[in-house]
Every structure is written in structure tokens, then in C-alpha cells.
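**Student:** Sequence:
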Amino acid sequence: MRKLKMRLGDLLVLEGIISEEQLQRALNAQKKSGGKLGNLLVNMGFVTEPQLLQFLSRQLDVPLVDISHQDLDPDLVKLLPESHARRYRALVLSDNGDTLLVGMSDPADLSVVDTIANILPKPVKIAVVKESQLLNAFDLYYRRTEEIASFASELASEQQDDEFQLEAQSDDDNDTAVAKLLQSVFEDAVQMGASDIHIEPGEEHLSIRQRVDGVLQETIFKEKQIAAALVLRLKLMSGLDISEKRLPQDGRAQIKVKGHIIDLRISTMPIQWGESVVMRLLDQSQGILSLDETGMPEGILKRFRRIIHQPHGMVLVTGPTGSGKTTTLYGALTELNQSGVKIITVEDPVEYRLPRINQVQVNPKIDLTFSRVLRTTLRQDPDIIMVGEMRDNETVEIGLRGALTGHLVLSTLHTNDAISSAVRLLDMDAPGYLVASSLRAIVAQRLIRRVCDNCSQDHSLTAEQKVWLESLNVELDGASFKQGKGCPNCHQTGYKGRIGVFELLEMNDTLMQPLKQNDTARFSELASQTPGYQPLWSDALNYARQGITSVDEVLRLVEMVPENGVSHEPPVTSAHGEI
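For the sequence shown, full-length UniProt numbering gives the first residue as 1, with consecutive numbering after it.
Among these hints, one or two may not hold up.
Said to hold, decoys possible - Only pairs whose alpha carbons sit at most 35 Å apart, straight line, appear in this in silico DSBU-like list of lysine-lysine:
(1) Lys342 to Lys125
(2) Lys224 to Lys365
(3) Lys258 to Lys224
(4) Lys365 to Lys130
(5) Lys78 to Lys245
(6) Lys258 to Lys122
(7) Lys485 to Lys125
(8) Lys256 to Lys245
(9) Lys122 to Lys302
(10) Lys78 to Lys258
(11) Lys256 to Lys180
(12) Lys78 to Lys256
(13) Lys516 to Lys466
(14) Lys78 to Lys130
(15) Lys130 to Lys31
(16) Lys130 to Lys258
(17) Lys122 to Lys32
(18) Lys36 to Lys245
(19) Lys36 to Lys222
(20) Lys245 to Lys224
(21) Lys256 to Lys224
(22) Lys302 to Lys516
(23) Lys256 to Lys365
(24) Lys125 to Lys258
(25) Lys466 to Lys365
(26) Lys78 to Lys222
(27) Lys516 to Lys485
(28) Lys180 to Lys31
(29) Lys222 to Lys256
(30) Lys342 to Lys485
(31) Lys180 to Lys365
(32) Lys32 to Lys245
(33) Lys302 to Lys180
(34) Lys365 to Lys342
(35) Lys222 to Lys180
Just so you know, the hints here were simulated from the structure itself, not pulled from any lab data.
Please work from the sequences and hints to get the whole structure.
**Tutor:** Quick look at the structure:
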């Protein structure tokens with residue numbers, strides 16, 4: 001091993017994996033920037049990571065282990081503290097009786113092997129593991145649950161009752177305890193990939209819930225008296241009025257968590273046992289997805305691209321909160337953002353900062369409303385206008401008239417599906433002739449959960465599922481239905497990650513006539529028969545047939561988007577765990 005450590009590059013050359021010239025270039029780069037030679041060779045494209053790992057496995061005579069589909073023992077993993085695991089890229093994989101098997105991305109680093117051996121209670125044997133798999137495992141197994149419980153207990157010991165005193169802020173120890181607790185909550189949420197954090201005080205406990213893949217997962221704290229301290233700290237972070245507890249408030253803050261710049265949209269609301277706080281997490285470091293990355297089916301994507309490149313008209317993207325509407329609109333703006341095009345956006349809030357685009361943040365407190373900004377926007381000579389949301393009749397009418405007078409107007413609407421969106425515009429008292437003349441297309445979308453790759457297994461349809469699919473004339477031959485049984489990788493839910501499902505309704509002369517006459521029933525009937533139109537559940541069912549999502553997720557979507565326009569959303573499920 002010492003020989004390998006000293007001559008890793010020479011041995012790679014000897015094996016014919018890299019050339020002498022490539023080795024010298026990597027060594028020169030190492031002198032300038034530091035870092036491990038193996039990582040540099042991979043980053044420079046001279047060797048692939050699998051080639052390097054297989055080489056190390058052969059030379060060191062240690063196994064190459066794939067942990068992507070393994071369920072590790074959390075207690076064993078935590079024998080190595082998280083700080084050491086992340087620093088040294090090492091993970092305890094198994095207990096073999098007399099020894100512990102430790103996976104490492106660079107097992108040739110003898111100093112690290114010695115350090116880990118001194119920390120662990122048993123002698124170690126080394127295995128080679130892909131670094132990306134180790135990083136995923138760190139986020140999975142080093143949860144902040146125990147740390148959060150410890151900080152909550154520490155803060156509770158300093159609180160004598162539910163009423164957190166304002167003068168307690170001057171107490172450095174108290175303030176530090178609150179900060180540590182919130183930092184741990186944020187770090188845990190980022191590791192879990194949560195989109196929202198809910199802090200909800202109750203009569204006997206405090207509930208902190210995270211929305212992961214669209215479903216809330218709950219942790220219960222007995223220390224209910226810490227709720228007021230958490231709310232106060234969050235109000236200070238977001239510039240809210242700390243003395244106002246009777247009215248809802250909205251604010252924003254920005255934090256840095258594990259190298260990620262996170263924008264927080266914070267909403268407070270008075271409830272029976274205190275104030276509820278909901279925080280929407282927006283990871284700025286992830287950047288903006290292109291339209292190709294949104295998951296739109298190829299057919300819909302091609303048509304959508306053609307529509308947004310038209311010179312005028314209104315295009316709506318619809319769906320409930322958290323369905324990815326803003327992501328789709330920003331993807332469209334990124335594609336349309338050219339030096340010869342003037343784009344203005346009116347948003348609440350401005351979620352992503354885009355170069356060359358004039359973005360306006362509305363502020364109702366000073367009467368800077370959507371409608372007022374939109375009127376001014378039309379005098380700014382724009383080619384394209386993006387309105388964050390069509391909230392009222394005035395905004396709708398100004399947007400429609402802007403689309404009618406030579407502007408491309410993009411916006412969102414909170415409706416169940418594409419067909420009901422046009423009807424919703426009429427319900428908001430927009431003139432039928434204006435809707436028919438201006439509206440070009442409507443995209444409706446949802447995010448459905450993916451079956452966990454780690455615990456995916458074949459799924460035999462139930463009798464009810466078969467009857468439902470047969471009623472839709474769905475061909476079952478050749479389908480590969482899957483369902484997750486639950487594992488640590490997906491936190492026993494059977495699902496990991498989400499994928500978008502879409503429907504696109506393009507307006508035509510046939511649909512314009514009933515809109516002009518405000519005949520919503522006739523419009524809905526004709527729209528469902530429009531060539532090329534497929535409902536959301538059809539897109540979702542295609543994913544279920546491929547084993548990407550489950551039939552249960554498709555049924556859940558159907559319950560949320562019924563044909564008669566009445567929503568029957570199922571109750572939110574939670575994963576309960578008391579601390």
C-alpha cells in the first residue's frame with residue numbers, strides 16, 4: 001500500500017490507463033491547486049471513476065462495493081462521527097465479528113486509514129466505494145434528529161413557560177441555543193430534500209414537519225414551550241414585526257446551509273396554541289432548469305416550444321402550489337432570453353435572478369400591485385411579459401389586452417387542469433371575447449413521486465386497480481408495474497424523488513366560439529375532444545407502465561384532478577416519530 005501511495009500515477013501509466021503526458025499535466029495541476037491525484041485525473045477526463053476504483057481494488061486487493069442498493073445499519077454507521085466520515089470520505093459498512101468493514105473513496109491514503117482505525121472500536125478492513133454513493137449515504141444516515149432533540153431539550157431547560165420574553169434575546173446562551181436548533185432543522189431539511197418546513201405548536205407538544213416529495217413527514221417534540229422562541233428568531237431573520245402576534249405576516253430571509261444558498265419564504269399565522277410558521281425553501285445553488293430538464297414528454301415539449309416562440313398571445317401554466325409552475329415558466333424565460341428581446345416579469349416574490357430580464361417585486365403595502373405594475377409594464381416597450389399569478393379581474397384583463405396588442409404574456413393560475421383554467425378566467429369576469437382572442441395555450445402540471453430504485457419490486461395489480469385500468473381501455477400487456485416496499489434510502493415510504501406530468505390544451509377556432517358565448521359546458525366538452533389533448537392521468541399512467549411511478553400515485557392524481565372539476569384531495573399522510 002505504501003508503494004502504491006507513492007507511485008499511483010506511475011502505476012496507472014504502467015497499466016496503460018493514462019499516458020505519461022496526462023500524468024504530468026495532472027501533477028502540474030496538483031501543484032497549483034492541491035487535491036488528490038486520483039480526483040484530478042477523473043476531473044480532467046483522463047480516467048473514469050469506475051476505472052480508477054477497479055484499479056485501486058486490484059492493486060490493494062480490497063473489494064469494490066456498490067452500496068447504492070444496500071440497507072446499512074444506522075448504529076454501525078454512526079460509530080464513525082459525521083465530521084470524520086465527511087472529511088475522510090469513509091463509511092462503516094458492516095460488522096464482521098472481529099473487524100469492521102469501512103468503505104472509502106481513496107483507500108490508498110494510509111494516514112486516513114490509520115486515523116479511522118484509531119477512532120473505531122474494532123480493527124478495520126477497507127473496501128473501495130464510489131464517492132458519490134458515500135455522499136448520498138452521509139445525507140441519508142447522518143440525520144439531525146438526535147442533534148435537534150438535544151438542542152430542543154437545551155432550549156427548553158432555559159424556558160420556564162410558553163411565553164418567550166423579548167428581553168431573553170440579550171442572553172447570549174439562550175440566543176445561541178435557538179440558533180443551533182434552527183440551524184440543525186435547516187440542515188436536516190436540506191439533507192432530506194424538503195421543499196417546506198412547518199412549525200406547528202400544539203396543546204401538549206410542538207410539531208415540526210417537512211414536506212419531502214410532496215408528502216409531510218412529522219417529528220414530535222415534547223418541549224412545546226420552545227415554539228415561541230423559534231417563531232421570534234424566525235421573525236427577526238425575515239424582518240417581521242416581533243410584537244405582532246394577532247395577524248398573519250409574510251417575509252423573506254436567506255441562509256447558507258452546507259454550502260447551499262437557501263432563500264426562505266416565511267409565513268406566520270396565529271393559531272389556538274401560538275403561531276404557526278411555514279417556510280418554503282428555495283435552493284439558489286441548484287440553478288434554473290431548462291425546458292428539456294422539466295420532464296415534459298417530447299410531444300408536449302415540441303408543441304410548447306412552438307407556442308412560446310409566437311410573437312403574441314397568452315400562455316398559462318396551471319396547477320396547485322408546489323406543482324412546478326414557476327420552474328416551467330423560468331425554463332421558458334431562459335430559452336426566450338435573447339439580447340434582441342425585452343422581457344419584464346412581475347412577481348411575488350422574485351424567486352430566481354435572471355440576467356438581462358427586468359424583474360419587479362410587487363409590494364401591496366405601498367400599492368405596488370400586480371395590476372398597477374402590469375399597466376406600467378405595457379408602457380416599457382416589452383416583447384415578453386411574465387406575470388407571477390393571475391390573482392384578480394383587473395390583472396387578468398390587463399394581461400389579456402396586453403396579449404391582444406402584440407405581447408407574449410406568460411402567467412400562472414391555480415386550477416385543477418387545463419380545461420378548467422379557461423373557465424376560471426371567465427369566472428373572474430374576464431370578457432369571453434377577450435379570452436377567446438388572447439389565450440393561445442394552457443399547460444397543466446403536477447409532480448408525482450418516483451418509485452424508490454433501491455427497494456423497487458414488481459407489483460401485482462389489485463382487483464380494483466385492474467377494473468379501473470380496464471375501464472380506461474388501458475393495455476396491460478407489456479406493462480412493468482412497480483412498487484417500493486420501503487427502505488432506509490426512501491425513509492420507508494417506497495418513493496424517492498418526483499417527476500412532472502403534464503397536459504397541454506391548444507386553443508383553436510372550434511374552442512373559441514363557446515368561449516365568446518361564455519358557454520363553459522360546451523367549451524369543456526369540446527376541449528376534452530381536441531386532437532392532441534391528453535389528460536394529466538394519461539401522462540402519469542405512461543410512467544406507471546414503465547415502472548417509474550406506482551399505480552397508487554396515478555390513482556392519487558386522479559382523485560386530485562377529477563373530470564367534474566370538484567377536487568377530492570386525499571388527506572396528507574405523515575411519518576410520525578416521537579422524540
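**Student:** For every hint, state whether the structure bears it out.
**Tutor:** Each hint tested on the structure:
1. Lys342 to Lys125: Roughly 62 Å between the alpha carbons, so the hint for Lys342 and Lys125 is violated.
2. Lys224 to Lys365: holds (34 Å)
3. Lys258 to Lys224: Given pair Lys258, Lys224 holds - Cα atoms ~28 Å apart, limit 35 Å.
4. Lys365 to Lys130: Between Lys365 and Lys130 the Cα gap is close to 53 Å, so the pair fails against 35 Å, i.e. violated.
5. Lys78 to Lys245: violated (41 Å)
6. Lys258 to Lys122: It holds: about 31 Å lies between the C-alpha atoms, which stays within 35 Å.
7. Lys485 to Lys125: Roughly 32 Å between the alpha carbons, so the hint for Lys485 and Lys125 holds.
8. Lys256 to Lys245: holds (28 Å)
9. Lys122 to Lys302: violated (59 Å)
10. Lys78 to Lys258: holds (19 Å)
11. Lys256 to Lys180: holds (14 Å)
12. Lys78 to Lys256: OK: Lys78 and Lys256 at ~25 Å, within 35 Å.
13. Lys516 to Lys466: violated (41 Å)
14. Lys78 to Lys130: Between Lys78 and Lys130 the Cα gap is close to 19 Å, so the pair holds against 35 Å.
15. Lys130 to Lys31: Holds. Lys130 to Lys31 sits at ~25 Å (cutoff 35 Å).
16. Lys130 to Lys258: Between Lys130 and Lys258 the Cα gap is close to 21 Å, so the pair holds against 35 Å.
17. Lys122 to Lys32: Violated, at roughly 39 Å.
18. Lys36 to Lys245: violated (54 Å)
19. Lys36 to Lys222: With a Cα-Cα distance of about 47 Å, the restraint between Lys36 and Lys222 is violated, given a limit of 35 Å.
20. Lys245 to Lys224: holds (17 Å)
21. Lys256 to Lys224: Holds. Lys256 to Lys224 sits at ~27 Å (cutoff 35 Å).
22. Lys302 to Lys516: Holds, because 28 Å separates the two Cα atoms, which is no more than 35 Å.
23. Lys256 to Lys365: holds (29 Å)
24. Lys125 to Lys258: holds (30 Å)
25. Lys466 to Lys365: Judged against 35 Å, a Cα distance of about 54 Å means the pair is violated.
26. Lys78 to Lys222: Cα-Cα ~25 Å, so holds.
27. Lys516 to Lys485: Violated. Lys516 to Lys485 sits at ~51 Å, over the 35 Å cutoff.
28. Lys180 to Lys31: Violated - the C-alpha atoms of Lys31 and Lys180 are around 38 Å apart, more than 35 Å.
29. Lys222 to Lys256: holds (28 Å)
30. Lys342 to Lys485: This hinted pair is violated, its Cα atoms lying about 51 Å apart.
31. Lys180 to Lys365: Given that 35 Å is the threshold and the Cα spacing comes to 33 Å, the pair holds.
32. Lys32 to Lys245: Status violated; Cα separation ~56 Å.
33. Lys302 to Lys180: It is violated: about 48 Å lies between the C-alpha atoms, which goes past 35 Å.
34. Lys365 to Lys342: holds (28 Å)
35. Lys222 to Lys180: holds (18 Å)
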